[in-house]
Amino acid sequence: MKVTLKVWRQKNATSAGELKTYTSPELNENMSFLEMLDVVNEELANKGEEPIAFDHDCREGICGTCSLVIDGKPHGPHHGVATCQTYMRSFKDGDEIIVEPWRAKPFPIIKDLVCDRKAFDRIQHAGGFISVRTGAAPDANSIPVPKEDADLAMDAAQCIGCGACVAACKNASAMLFVAAKVSHLGLMPQGQPERYRRVRAMVNQMDEEGFGNCTVTGSCEAACPKSISIDFIARMNRDYGVALLKGEPKKVAGGGAG
Amino acid sequence: MATLNSNIPPGPLASKWENHKFSSKLINPANKRKYKVIVVGAGLAGASASATLAELGYEVHNFVFHDSPRRAHSVAAQGGINAAKNYQNDGDSVHRLFYDTIKGGDYRARESNVHRLAEVSVNIIDQCAAQGVPFAREYGGLLDNRSFGGAQVSRTFYARGQTGQQLLLGAYSALNKMIGAGAVKSYTHSEMLDLVVVGGHAKGIIVRNLQTGEITRHSADAVVLATGGYGNVYNLSTYARGSNVTASWRAYKRGATFGNPCYTQIHPTCIPVSGDYQSKLTLMSESLRNDGRIWVPKKKEDCGKNPADIGEGDRDYYLERMYSAFGNLAPRDIASRAAKYVCDEGRGVGPTGLGVYLDFSESIRRLGEDKVRERYGNLFAMYHEITNEDAYKTPMRIYPAVHYTMGGLWVDYNLMSNLPGLFVLGEANFSDHGANRLGASALMQGLSDGYFVLPSTIATYLATVKAGSRPATDKGEFKEAEDNVRGFIQRVTTSSGKRTPDSFHKQLGKLMWEYCGMARTAAGLQKGIQLIGDLREEYRTNVKVLGEAGGWNQGLEKAARVADFIELGELMCRDALMREESCGGHFREEYQYTAADPEVQQGIVNAGDVKRRDDQFAFVAAWEYAGAPDKAPILNKEPLVYEEVKMSTRSYK
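Chains as they are written, first to last, in this note's numbering: chain A, 1 to 258; chain B, 1001 to 1653.
For the record, the hints were derived by calculation from the structure and aren't laboratory data.
Using N, Cα and C, we set each Cβ at its ideal position, and we do this for glycine too.
Accuracy of the hints is not assured; some may be wrong.
Claimed, not checked - Here are the simulated BS3-like cross-link-like pairs (lysine-lysine), alpha carbons at most 30 Å apart as the crow flies:
hint	chain 1	residue 1	chain 2	residue 2
1	B	K1253	A	K2
2	A	K92	A	K105
3	B	K1544	A	K6
4	A	K92	B	K1498
5	A	K47	B	K1300
6	A	K47	B	K1393
Claimed, not checked - If you want a taste of the chain A side facing chain B, the calculated C-beta under 8 Å gives, among others:
hint	residue
7	T21
8	S24
9	N28
10	M31
11	E35
12	V40
13	Q85
14	D121
15	P138
16	V145
17	A153
18	D207
19	G210
20	G212
21	V216
22	V252
What the hints assert, rightly or not - A short list of chain A residues far from chain B (calculated; beta carbon distances all over 12 Å):
hint	residue
23	H56
24	D71
25	I97
26	R133
27	A150
28	L152
29	K170
30	A172
31	Q190
32	D231
33	A253
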């Protein structure tokens, strides 16, 4: 099979980009979408043209690095998989495929199909953790966790941080991403002491990064390669509401004990 | 010759670590902030080490080439993490985990390090649970375990099929906490391209910013490499495409010795290769072997048949036949080699003939499809995505693939290389898995090194360094290292070569798989050394990188990594040639048991089992760079002295 690609090419964040058309060499339907791009790139390089820059790493759907909008859909035509798990058998001989980067203001383009997702890390720095020093932990079985809670926490914790939710959202909202972390930690007993401080800090940082709000279209859930449920956004909103009602924690004056 | 002092603490094995912690020097809390530590990598080992060192008060700078520390390939580990908790009351103990690991490593690991690993394993689970890692639970709320990877006790903790991801996100969250607190400075999209050695001590690194192309110098009181394994030397592997040996290799070329480079783990349960375009092999968790039965047809002529049409009597469940006690759960090296044998005999299945069946039909009959789906649903779905086949209806096809490297930079008991000030953690070092790693032990080692070992042992070095004495980056050694990096970039971006780095990588991978793969011979290795040497020479003049050096350029990133892989491949072949024995993942065809050996006649081992030669090869091979890629490296030996365990023939019958 062969396909025609229309690929977004952009030199860097400040230059203008455009869609360029390429015809693929002969392909095999068992190739992954990224292997198809490898083959196209090898051909470009052999012709002396600069290869298409695209992000990828593990190629098994877990690292969250790959990030293509394929025919308007983040991570391509299938539900619950990342771009790297999309295979050419999903396309037909002669298809024209449009390949674009994530488009969202907080994710500036680095080059071609590669965008900068460091805003996600900054949200995590603000509160995406349970404060436990190494060595300070009690025996693991001294904190029982109801299986249902652990399972639900795991559903949320599966987030791979790819940003497809943002790319899919007309508001470029990161609420599914933030809600997944807030819910994962907020469902575990270990996460209770910082539960409200955490949601406040992460949501505030999310707003500061310029992500939009949620208008419950559900496009994030549809694009999510781990099928993370939009219900977690409701859970986050509830925790955020409680956090607002509780207000800022009181500052306590320090002082030595002796 | 390099000086190798393993610094194994005195005293009985079980109290070495306690004694060592007590006898090691401490650094005054007020002084810790005056020491700067560079950590390269943020997988399990790097992220946990960075966070913990920062908690202790050191100034930590963490570097990753990814856009985020969360992308490290630890994220992809599926099965689980071992710990000697004995929560199942099935007879596990620190000593049993220690013993299993030593035996599993085919008696080629350092005893004292492995015992420490087993001791610390219990603390890791506590730490991760407290961080909120959503481990699998029983209905009573306590942690669940499963048996895994050749263990006869259930000591493996897991989080569905995504244990590595969840443990990594735990370590990443600990790191984020310290980045948020300003205690760790995080450099992302920042690739280490050289190590700076001042006065014989590791004192800094040279880094290229992948986004801007900017090259910067960083000095520190100590440098920690937690940069993972080098299995991508084979091009096709279960590693992430970006995994590379460059940080370790540059350290090697600056004087750090490389331990046991030929010890490679070939994982038995991966999806077979389908074509030349392939970029990646996908692992199917070996937990599948708990309920799947591995077989090939007894007769060659049945190989092309639909497996459903091959009767029970015509199937060879070869692992069950050869290793009755362990059956389908035989350790990875043994299971992989057995698959190679049956395929070499012409009994492999699938379009390439390089595959064996992993069959769930018996489990589905016994447990019901729902139960099998509950246990392995995500893996069956993954298999379906890749192959378009339904493993509930027809057996999976699997074949071994490169998965892990037990070798790595040589380190002493303190995880310090022979270059003072250079520490190496996790898969990047050589120390704990000997010649073969057991399942669910990599995660354990990465977190052990990062959370508990290095944060304690780094003080043994830093206590000898005057606070505030680290060199300024305008020193000549920094300039020389930066010039070295710039020289390479200049050369490949202005070269008039014709071939892409990827095309060399593919060629190297084929040579490595052919001559330094699952079965090695002296003649093959010699040929490999020669052909890889030729490839290295061609690479110097014929590699071509398009685009500019001053910004995002994946071809340029690749060019540096492939250059290092080529040199490493040659060293691996030399190591495999030198090691005239078979042990763990290293199998030399000349050294295997035959029907004539008394051990086979007494039924201790099978013909074709590996023949270890403890009298001559019970040592760690630590290779030292001889100053130029075409000069033969120098072999240093650290003898392996076993105080507790008796080296014996490893049998899983």
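Status of each hint after checking the structure:
At roughly 45 Å between alpha-carbon atoms, K1253 of chain B and K2 of chain A are farther apart than 30 Å, so this suggested pair is violated. With a C-alpha separation of about 33 Å, the suggested pair K92 of chain A and K105 of chain A falls outside the 30 Å cut-off, and the hint is violated. In summary, the hint linking K1544 of chain B to K6 of chain A is supported, as the alpha carbons are separated by about 26 Å, within the 30 Å threshold. For the given pair, K92 of chain A sits about 33 Å from K1498 of chain B by alpha-carbon distance, which is inconsistent with the 30 Å threshold.
A threshold of 30 Å between alpha carbons decides the hint, and for K47 of chain A with K1300 of chain B the separation of about 45 Å lies outside it, so the pair is violated. In summary, the hint linking K47 of chain A to K1393 of chain B is not supported, as the alpha carbons are separated by about 46 Å, beyond the 30 Å threshold. The interface hint given for T21 of chain A is violated, since its Cβ lies 19 Å from the closest Cβ of chain B, which is over the 8 Å cut-off. Hint status for S24 of chain A relative to chain B: violated, with the closest Cβ pair at about 11 Å, above 8 Å.
Taking 8 Å as the C-beta contact cut-off toward chain B, the hint placing N28 of chain A at the interface holds, the least distance being around 5 Å. For M31 of chain A, the suggested interface contact is upheld, since its CB lies about 5 Å from the closest CB of chain B, less than 8 Å. Contact between E35 of chain A and chain B, as hinted, is supported at the beta carbon level, the nearest pair being about 5 Å apart and thus within 8 Å. For the restraint placing V40 of chain A at the interface with chain B, the shortest Cβ-Cβ distance is roughly 11 Å, beyond the 8 Å limit, so the hint is violated.
Of the supplied interface hints, the one on Q85 of chain A holds, with its beta-carbon coming within about 5 Å of a beta-carbon of chain B, less than 8 Å. Taking 8 Å as the C-beta cut-off, the interface hint given for D121 of chain A holds, the closest approach to chain B being about 5 Å. Interface restraint check: P138 of chain A against chain B, minimum CB-CB distance 7 Å, threshold 8 Å, status holds. For V145 of chain A, the shortest C-beta to C-beta distance to chain B is roughly 5 Å, which falls under 8 Å, so the interface hint holds.
Here the hint on A153 of chain A is kept, as its CB sits about 4 Å from the closest CB of chain B, short of 8 Å. Taking 8 Å as the C-beta cut-off, the interface hint given for D207 of chain A is violated, the closest approach to chain B being about 17 Å. A least Cβ separation of about 18 Å between G210 of chain A and chain B goes past the 8 Å threshold, and the interface hint is therefore violated. Because the smallest distance between the Cβ of G212 of chain A and any Cβ of chain B comes to about 21 Å, over 8 Å, the interface hint for this residue is violated.
Look at V216 of chain A: its Cβ only gets to about 26 Å from chain B, farther than 8 Å, so that hint breaks. For V252 of chain A, the suggested interface contact is broken, since its CB lies about 18 Å from the closest CB of chain B, more than 8 Å. Listed as outside the interface, H56 of chain A is inconsistent with that label: its C-beta sits roughly 6 Å from the nearest C-beta of chain B, within the 12 Å cut-off. Annotated as non-interface, D71 of chain A keeps its C-beta farther than 12 Å from every C-beta of chain B; the closest such distance is 19 Å.
Distance check for I97 of chain A against chain B: the nearest CB is about 17 Å away, which clears 12 Å, and the non-interface claim stands. A beta-carbon of chain B is positioned within 12 Å of the beta-carbon of R133 of chain A; the least distance is around 5 Å. Against chain B, the non-interface label of A150 of chain A is violated: not every CB pair exceeds 12 Å, the least being about 4 Å. Consistency note on L152 of chain A: stated as away from chain B, yet its beta-carbon is not over 12 Å from all of that chain's, at 9 Å minimum.
A cut-off of 12 Å between C-beta atoms confirms that K170 of chain A is not in contact with chain B; the least separation is 24 Å. Look at A172 of chain A: its CB is around 18 Å from the nearest CB on chain B, clear of 12 Å, so calling it non-interface holds up. Here Q190 of chain A does not stay apart from chain B, with its beta-carbon only about 5 Å from theirs, under the 12 Å limit. Here D231 of chain A stays apart from chain B, with its beta-carbon at least about 17 Å from theirs, past the 12 Å limit.
Non-interface call for A253 of chain A relative to chain B: holds, since the shortest CB-CB distance, roughly 21 Å, exceeds 12 Å.
Hint compliance for this structure: hints 1, 2, 4, 5, 6, 7, 8, 12, 18, 19, 20, 21, 22, 23, 26, 27, 28, 31 are not met, and every other hint is.
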